[in-house]
Amino acid sequence: MTNAARLVLQDARYAIRNHTDDLGGESFRVSWFAVTGLLRAVGHVLAKVDSTRSPQMALAIDTKWSELQASKPNPLIFWSFIESERNRFLKSYEHSVYRSLNLAMYDSSGAQVSMVTSIIVSRSHGLDTRGTGTKLTSIIDQGPFKGESERRIAELAINWWEGYLDEVDEYARFRADGT
Numbered sequence: 622m623t624n625a626a627r628l629v630l631q632d633a634r635y636a637i638r639n640h641t642d643d644l645g646g647e648s649f650r651v652s653w654f655a656v657t658g659l660l661r662a663v664g665h666v667l668a669k670v671d672s673t674r675s676p677q678m679a680l681a682i683d684t685k686w687s688e689l690q691a692s693k694p695n696p697l698i699f700w701s702f703i704e705s706e707r708n709r710f711l712k713s714y715e716h717s718v719y720r721s722l723n724l725a726m727y728d729s730s731g732a733q734v735s736m737v738t739s740i741i742v743s744r745s746h747g748l749d750t751r752g753t754g755t756k757l758t759s760i761i762d763q764g765p766f767k768g769e770s771e772r773r774i775a776e777l778a779i780n781w782w783e784g785y786l787d788e789v790d791e792y793a794r795f796r797a798d799g800t
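The numbers in our numbering rise by one with no breaks, and the one at position 127 of the sequence shown is 748.
One or more hints might be untrue.
[As the list claims (entries may be wrong)] When the alpha-carbon atoms are kept at most 27 Å apart in a straight line, the in silico BS3-like pairs for lysine-lysine are as follows:
| no. | residue 1 | residue 2 |
| --- | --- | --- |
| 1 | K685 | K669 |
| 2 | K767 | K712 |
| 3 | K693 | K712 |
[Claimed, not checked] Derived Cβ-Cβ restraints for the label pairs, each shown as a range:
| no. | residue 1 | residue 2 | range |
| --- | --- | --- | --- |
| 4 | D642 | E788 | 31 to 37 Å |
| 5 | D787 | L697 | 18 to 24 Å |
| 6 | D787 | Y727 | 50 to 56 Å |
Keep in mind the hints are simulated off the structure, nothing from the lab.
Only a predicted model underlies this, so the values are computations on that prediction, with no experimental measurement involved.
Even glycine gets a Cβ: it sits at the ideal position worked out from N, Cα and C.
Work out the full structure: start from the sequences and follow the hints.
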């Protein structure tokens, strides 16, 4: 069984649940680093820990990894999000999330002026809107998931990992049964 990888996946779910739309600055970056790091760690823990459980599990993990590498650049959720977002953040401390706060301007009579100012809070220092009731606009700003909510894509990554781990477990079971 892929128990160790599934524990990491459970922690990734927790990190995504706590990655809210009011985080900015350092709070946002630490949260997003946890999400992307945990999503990629699922595969590393699978290869380093779960592979030691049995020869059948090791073969299943190696086989499924070889198939995944051979299918590159698909699935996009792995290669263009799980792998690339984690590498971008870990190796250059950059990410693909554009999180902004839109401020409407009002004149002295209280009428909204047409100007709207955006403050990019995902790359700011110290700006956090927790507890203010202010929701931020938050999207991935590049790649095949451009324009999508980063939380939605992270949840898709969780679903993809669940299916992948199920396939690994099934392959190992098949090998153990000899059928």
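L697 and D787 - C-beta distance against the hinted 18 to 24 Å: At roughly 20 Å between Cβ atoms, L697 and D787 fall inside 18 to 24 Å, so the hint holds.
Verify the proposed pairing of K767 with K712, using a straight-line Cα cut of 27 Å. Answer holds: K767 to K712 is near 21 Å, not above 27 Å.
State, for the Cβ atoms of D787 and Y727, whether the hinted interval 50 to 56 Å holds or is violated. holds, 53 Å
Cβ distance range 31 to 37 Å for D642 and E788, holds or violated: The hinted range 31 to 37 Å holds for D642 and E788, with Cβ atoms some 33 Å apart.
Please work out if K685 and K669 have their alpha carbons no farther apart than 27 Å. holds, 14 Å
K693 paired with K712 [C-alpha distance capped at 27 Å]: Distance ~21 Å between K693 and K712 Cα, so the pair holds.
In summary, the structure agrees with every hint in the numbered list given earlier.
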